[in-house]
Amino acid sequence: MTGSAGLRSGFLAWSLRARLIFWSSLLFLAMLCCIVYGIIWGVPHTRFDGRVGQLRAETFRRLGLIANLHKEQIEIWLEDKQKDVRVIARTPALRDLLFQAGTVSIRDDIRQYLHMVIRVYPEFDFAELFDLNRETILSSRDARARPIEWDEFVRRSLLSGKGYLGRAKIIEPERGPVFRIGHPVAGSDGRVAALLVVALNPNRLLHQLLHAGESLGDSGEVLLINDERVFINPPRYPLPGGTRSKPLEQSVASRLSILATSGHEGMIETLDYRDEPVMAAFRHLRLSPEWGLGLVVKIDRRELLAPVRQEVITVLWTALSALLLIGVAEHLHRPQANRPTQDSRPHRRPSLRT
Amino acid sequence: MIDLGIQPLWLPSGIITEVMKRDGILREQLRREGMTIRFHPFLKGADVNEEIHGHALEGGVGGDMPTITACVTDQVRVVSLVDLYFTAIVAREAMLLSGLRGRRIGYAFGSNAHHALLTALAGVELSESEVTLVPMEAHAMPLALEQGTIEAFSVWEPIPTLATQRYGHKVVHRFLSSGYLYFSRSFAEGHAEQVAWLVSAEARALNWLELSDDNLERAVGWWEVAARETGGQEFAISRQEATRLARRSLRHLWIMPVIPMDDLSENGRIGRATRFLGGIGKVPSQIDWKTIRACFQREVGERVLAAPLENRLNEFVYEEQPE
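So the sequence lines, in the order shown, correspond to chains W and G.
Note that our numbering gives residue 34 to position 34 of the first sequence, counting from 1, and the numbers run on in steps of one.
Each number in our numbering comes from the position in the second sequence (counting from 1) with 354 added on.
Misleading hints may appear alongside valid ones.
[As the list claims (entries may be wrong)] Example chain W residues on the side facing chain G (calculated, C-beta under 10 angstroms, incomplete): (1) Y164; (2) P234; (3) H284; (4) P289.
[As the list claims (entries may be wrong)] Here chain G is said to cover these stretches of chain W; the calculated rule only asks that three of the stretch's residues, wherever they fall, bring their Cβ under 8 angstroms from a Cβ of chain G: (5) 52-62; (6) 145-159; (7) 266-280.
[Said to hold, decoys possible] Partner residues are not named here, just some residues of chain W that face chain G (Cβ under 8 angstroms, in silico): (8) G190; (9) L259; (10) R286.
Keep in mind the hints are simulated off the structure, nothing from the lab.
Note that the Cβ used here is the ideal one computed from N, Cα and C, for glycine as well.
Using the sequences provided together with the hints, build the complete structure.
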């Protein structure tokens, strides 16, 4: 006898009641699966998105809000620092010192002034004054004057006249990346005589971003990426090769980073730098006409589905347990049901004795 | 006579041109040369281009896509930046961009929002053939979405703000677009000094707008009148919202309204946009990058900004009513 034939004959040998219970349970299970599917994934061709749809919408809304908040905070913070530099560059004291800067003692006074700026503004790593007439740089980090290096940042700062913010750059490796802000210093006749440059340390900003991920669940992460698609803050997870990226070290070519750095803002489900499926909100921070940063706020998709998965497992286990209990109960009742009962024997009417 | 095509229904360019209209210094400079300037309102850059092509205008303002198109067709000379802000894709409900598959999307043909829409769709691997594009005028889009004629639209500010304020529509995607001031090649080459005056007038307008909130609110008031005249009464958004939007959208131009150097490499924004437009057949796909690059004359803006005193960038003479 084959197994299936055995099963069939075994199944056919079940009592009517057992078979009824079996089929009812199967129907119940199928209906339960349909209902659970509908509740979880939504009903096709209707506006009911189900639990996953609701969770997804809620998660995207939260990611969007967090991304907007960070974007605004970063822009306001950087704008405030640009304003600070503008105020310093327009201080008459600095201008007066600059126009007497021929002597060594005055140069020392300018350095002292720059040191004072660093003390007053703790976010500034160093301050420098580019004396355009003498083509030298006086710096708070160097006692000697050095010649001006005419790079694009210097040229754009002079052209802008409004406090030009340069790209993040590592100048002193042990201190991490800095943003440079350059503002012209004009004499009383309006002619530009110097350029004030400060190095803005974004540690406070990066610290905020690092801890922002904590409000995004276990897998959440906020990333700031420059226009060359290089991480400005270190990512939370190792890269696919297992290495951990340091600031301004590793470029990333995920769709998220490409969209965010090339000027897009929106929400997406895609793979991140680890090739992990994520839900993400991405924003573009335009910090100057020349360049901008990408901001990505993301959470692993499996974290979104984790509570749903738990619910499905609980419901299915409960249903299966209930079915099992029914089966066991039926089994316990079966011997009684199969035993010839008194009812099967001819009834003897009880004699009524009077 | 210099005839310039402007777009009052486009922020922030609409505000800048309203201030330029009232610039007494510019008028005086032109008067001394026996010239005057007129500003003509248009609804989109493609319309401005038609008039430049027909020699009815000496120049105008337009978004990145119309500018590249005008460069290809008429070799216009692009001299400064008048917009660096986001265009938006708007829908009735919050949704992922990939959810636009199979939907009807309103757009203004040949505009920067058209370019932004196609770029955004490409970003989520949706092609033009997977959606239904419905050409329409920008200011008609919010009502069309509300009435269900379309299911989303792509447009420049302030229309997305208007749609979210008035109808509760949702911005589902934004894309950074740029806009430029450009002139016909013959005018730019024959009147370099006048072109520099106009770029100076723009830089001066930006400096004046940045100077105080009062100036910005005054300019927003001028813009509201121009926008109402161009787009109709229903276009108006609150003064407070318009001022907030103007401040945000002008922020990058305040730093430096010069065409970004990085945009002008073959792999920069203009190069990528040209390739993209070539790829979808909006401009010839074999167009030589050098032809495009020759249209963008960043150095005009640089020269103006490098001499603020000579170009009177911080002297302000604005009349309440344009001549």
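Inset, instruction - Just pull the numbers of the violated hints for me, sorted ascending. - result: 2
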